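Novice: Here is what each chain is made of, one letter per residue.
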Amino acid sequence: MIGTNIHLMIGLESHIQLATKSKLFCSCSTNSSAEPNENTCEICLGYPGTKPTLNKEVVRKALMLAKIMNCKINYNSKFNRKIYFYPDLPKSFQITQYEEPIAVKGEFSIDVSASRLPNGANLSGAALDHSATAATEKKTIHITRAHIEEDPGKIEYVGGHIGTAKYVLVDYNRCGVPLCEVVTDPDFRSIDEAVTYVKKLFHLLSYLDIIDPNQEGVMRTDANISINGGKRVELKNISGSDALEKALKSELSRQSFLFAQGKVIEQETRMYSEETGTTILLRKKEQEEDYGYIREPDLLPITIDDAFVQDAWKQMKKLPEEVESEIISKYKLSKQIAYQLAFKRGLYAYYQSCLKYLKNSDLLAKWLVGDFLKCANWHNYEIEKCPSSEKLIEFMQMIETGKISEREGKELIKKMFDDPKKGLGDLAEKKGVDLDSVISEVLKENQKSVDQIKAGDPKAINFLIGQVLRKAGFKGDPNEIRKKLEKLLT
Amino acid sequence: MSVTESTEKAIEELHKINKKYTCFVTTTEDYARKRANELTISKKKGALHGIIISVKDNICTKGIKTTAGSAILSNYVPTYNATVIERIEQEGGIIIGKTTMDDFGFGTFNVNVGEGIPIPKNPHDISRSSGGSSGGSGAATAAFSSNSTVAERLAPTHLSLSESTGGSITSPAAFCGVVGFTPSYGRVSRYGLIDYANSLDKIGTMGKTVSEAEQLARVIFGKDAKDETSLVVQEKPAKKVKKVAIIKEMLQGVDEKILTAFWKSIELTGIPYEEISLPSLEYAVASYYIIATAEASSNLSRYTGLRYGAQEEFSGSFNDYFSSIRSKYFSAEEKRRIILGTFVRTAGYKDKYYLKALKIREKINHDFHILFKKYDALLSPSMPIIAPKFDEISKLKPIEIYALDSCTIPPNLALLPHLSIPIGKVNSMPVGLQVICDSLDENTLFEFGKQIESLVKYK
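Quick mapping for you: the protein sequence lines, in order, are chains A and B.
In terms of this note's numbering, the first sequence opens at residue 1 and continues consecutively.
In terms of this note's numbering, the second sequence opens at residue 1 and continues consecutively.
No wet-lab data here; the hints were simulated from the structure.
Everything hinted at is true.
Heads up, simulated DSS-like pairs for lysine-lysine below, C-alpha to C-alpha not over 25 Å straight-line:
id, chain 1, residue 1, chain 2, residue 2
1, A, Lys-82, B, Lys-335
2, A, Lys-483, A, Lys-403
3, A, Lys-285, A, Lys-231
4, B, Lys-352, A, Lys-78
5, A, Lys-78, B, Lys-359
Computed from a prediction, not measured in an experiment: that's the story for all the values here.
Please put together the full structure from these sequences, using the hints given.
Specialist: Okay, here's the thing in structure tokens:
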């Protein structure tokens with residue numbers, strides 16, 4: 001569909017919700033599970049006479065972010081007012097950094113596929129998996145700037161979307177939540193690169209507790225996309241890497257189609273609709289608003305010194321590769337296991353808290369990076385949503401003492417994820433299974449295998465053992481089953 | 001006399017004054033009585049114990065309507081107190097009402113008021129303006145009786161909390177024959193002050209004498225964690241004023257009779273002075289109106305009829321709704337300043353106007369800074385005219401009205417502390433002298449002000 005002769009350029013602007021307890025300019029909580037409009041006060045609702053005061057913790061988190069983006073720090077950054085009318089913006093202006101952002105000119109390295117396929121292809125996102133030895137190479141994404149700003153409120157379109165809703169409800173809980181907007185140069189040459197960048201950034205920021213990945217919409221991206229040196233189109237407010245991939249693909253095919261027909265691609269702002277799977281026009285260039293930026297007179301410049309910067313960086317958590325070396329030297333685990341234990345955010349700390357009560361550190365690591373991690377990834381769970389460490393300790397003790405078999409363990413872990421409320425005892429309860437009746441049922445259902453065995457094919461018996469185990473809920477010893485089967489079939 | 005008794009007397013007077021001069025938007029008798037009773041019982045005696053305080057209506061008072069003089073806020077009742085209100089209450093001041101003002105401070109004569117908000121009359125001649133934008137504070141301060149004189153300095157009965165952006169304290173103080181004090185920017189917290197132009201707004205005070213204005217000012221001074229621009233000030237003793245300067249540019253366009261009164265008062269003080277020129281002031285009024293309206297237009301954009309203030313049945317889109325609310329409830333002057341302020345910050349014009357105005361402000365600040373190395377204070381007339389009659393005002397064009405701020409804008413733009421002190425009368429109307437000191441040097445300003453006051457002896 002898409003010709004290989006298309007030259008693609010993408011630049012991203014990611015709005016990153018910094019993980020702080022209180023909002024950017026007032027002491028309201030940032031907790032997203034509150035009732036609508038519960039986390040509001042006169043200041044974040046912009047009541048006449050109120051004044052903003054800066055939350056220093058936001059500056060610390062922004063400095064951490066600037067460090068991982070390898071940005072140049074601006075020791076004297078300033079706030080501006082970006083003035084426009086929208087129901088989610090109580091003051092009708094957003095306090096942001098315009099002329100003097102806190103950080104500029106950074107570099108962020110991503111792994112891209114070496115044998116670069118034409119644009120739009122290779123969308124597996126496998127670049128995140130360092131262990132994959134597929135040919136990858138480093139690519140540097142240049143960061144234009146990173147600035148601090150306040151989030152507007154959240155609009156709920158009742159009974160439809162922006163174009164069809166009868167009315168909207170506004171929740172100002174999010175209003176004033178601190179954001180750091182990271183703007184890249186238009187360095188991405190494929191959708192894969194853009195998605196890889198967003199995934200890596202998200203992982204690192206969560207890993208370092210700069211963002212809370214459990215919050216909804218914690219990273220929202222605007223993408224500027226153009227082909228063959230044409231006008232750029234801005235795609236607004238895309239949440240998450242999956243949506244980004246879909247939105248970019250859809251917009252790329254729209255532009256390619258226009259290009260193929262010899263039509264002009266106009267500079268405009270669009271949004272991606274999950275419903276239709278296409279991008280929808282929001283406004284054309286000439287409808288773009290003039291924000292009439294002025295300096296924010298109620299806030300002093302953010303003046304920081306080296307000591308403040310160093311102090312913020314000292315509070316930073318370790319990077320995955322640092323954690324990996326620590327694991328290797330401390331627990332003598334293999335590089336492969338250490339890598340996996342280090343990579344998943346919070347898993348190493350989880351490992352350590354379990355280990356206090358367990359004997360076998362190797363066995364624990366093996367289970368964690370094995371079935372535990374598999375389940376967590378399948379459910380797309382952050383560590384906070386996984387079974388508690390107390391539960392896992394209990395589980396490992398059952399494994400260590402041989403109370404349950406490895407096979408039973410694998411099933412039990414799945415159940416721990418599927419049915420988090422149930423206690424381990426209930427989940428692991430061994431109901432008396434009448435093996436003999438299960439075997440006779442299986443034999444009846446699998447006449448073909450029975451015939452094969454009788455014809456002298458020894459492999460077929462393994463299949464029957466598997467069927468019996470499955471039917472018995474993996475409660476039973478495979479050797480015992482084999483003996484019983486052999487006895488019945490010979 | 002107990003506080004309860006003196007408050008009752010003040011309430012009686014308040015009613016008489018307000019009937020004659022219509023200087024209050026809201027009077028708070030019940031609240032004042034309640035506070036008076038509390039104070040009568042309480043053992044603590046603060047710096048304002050039992051003193052009646054009137055408050056300009058752009059300063060938020062919890063549970064008391066605060067309109068900022070605008071129809072768009074005519075029903076607005078704040079849920080919190082401004083920091084200055086908290087401080088006044090802690091020191092035993094009794095808030096008796098909210099004084100009328102030009103909408104959001106947009107005016108020099110207090111005639112730009114929203115529907116239902118009174119225009120105050122000058123107690124010296126009710127056919128004349130009491131100045132603006134703190135016109136209600138000026139009229140109330142002149143009208144309330146006093147047991148305090150310059151010589152005796154007894155406890156005042158009434159003081160007024162007012163506010164200036166470009167001259168809103170000096171103008172009514174001069175027109176009404178009272179003392180108006182405007183502090184250095186940052187000395188008084190702005191938390192709870194409804195914004196006109198945040199980088200210029202200053203809450204100040206009015207009283208019959210310099211001591212009175214100082215008494216209230218001392219209570220509201222101080223750093224406030226809720227206002228980043230408020231300052232911690234290292235108090236320095238007052239300097240003895242040895243030499244003052246009179247800036248020629250601040251005498252231009254001043255009425256001849258006022259100039260005569262001005263020079264006569266300088267003579268009476270016997271202070272050595274030099275007449276100097278400060279050419280950058282030519283652009284002060286223009287620079288002020290650009291910065292002030294740019295900020296004002298952003299501040300006023302929050303009034304969309306959604307969460308507070310004027311509201312109507314919702315119909316049409318959000319854009320339709322807020323446009324109709326703003327069209328209906330904003331006055332001509334509000335609209336003028338919103339349009340002007342939006343224009344000067346628009347891409348393509350921003351460099352020419354807004355950014356250039358900021359540069360001029362810096363230049364003027366720098367020039368004043370240099371002056372204060374040589375002189376201890378600056379003197380000028382407070383206003384170029386005496387309080388005009390209401391029918392004269394209606395004939396003036398906006399640009400002519402803006403030009404009348406030529407004396408008050410320089411210290412306001414440069415954020416310098418200043419006083420307006422009554423020095424005499426022209427055509428039976430009061431005339432004021434403006435005294436300006438270096439930034440954060442209020443101590444010298446107050447002492448020098450008292451010195452002038454005792455030498456000039458205004459009656």
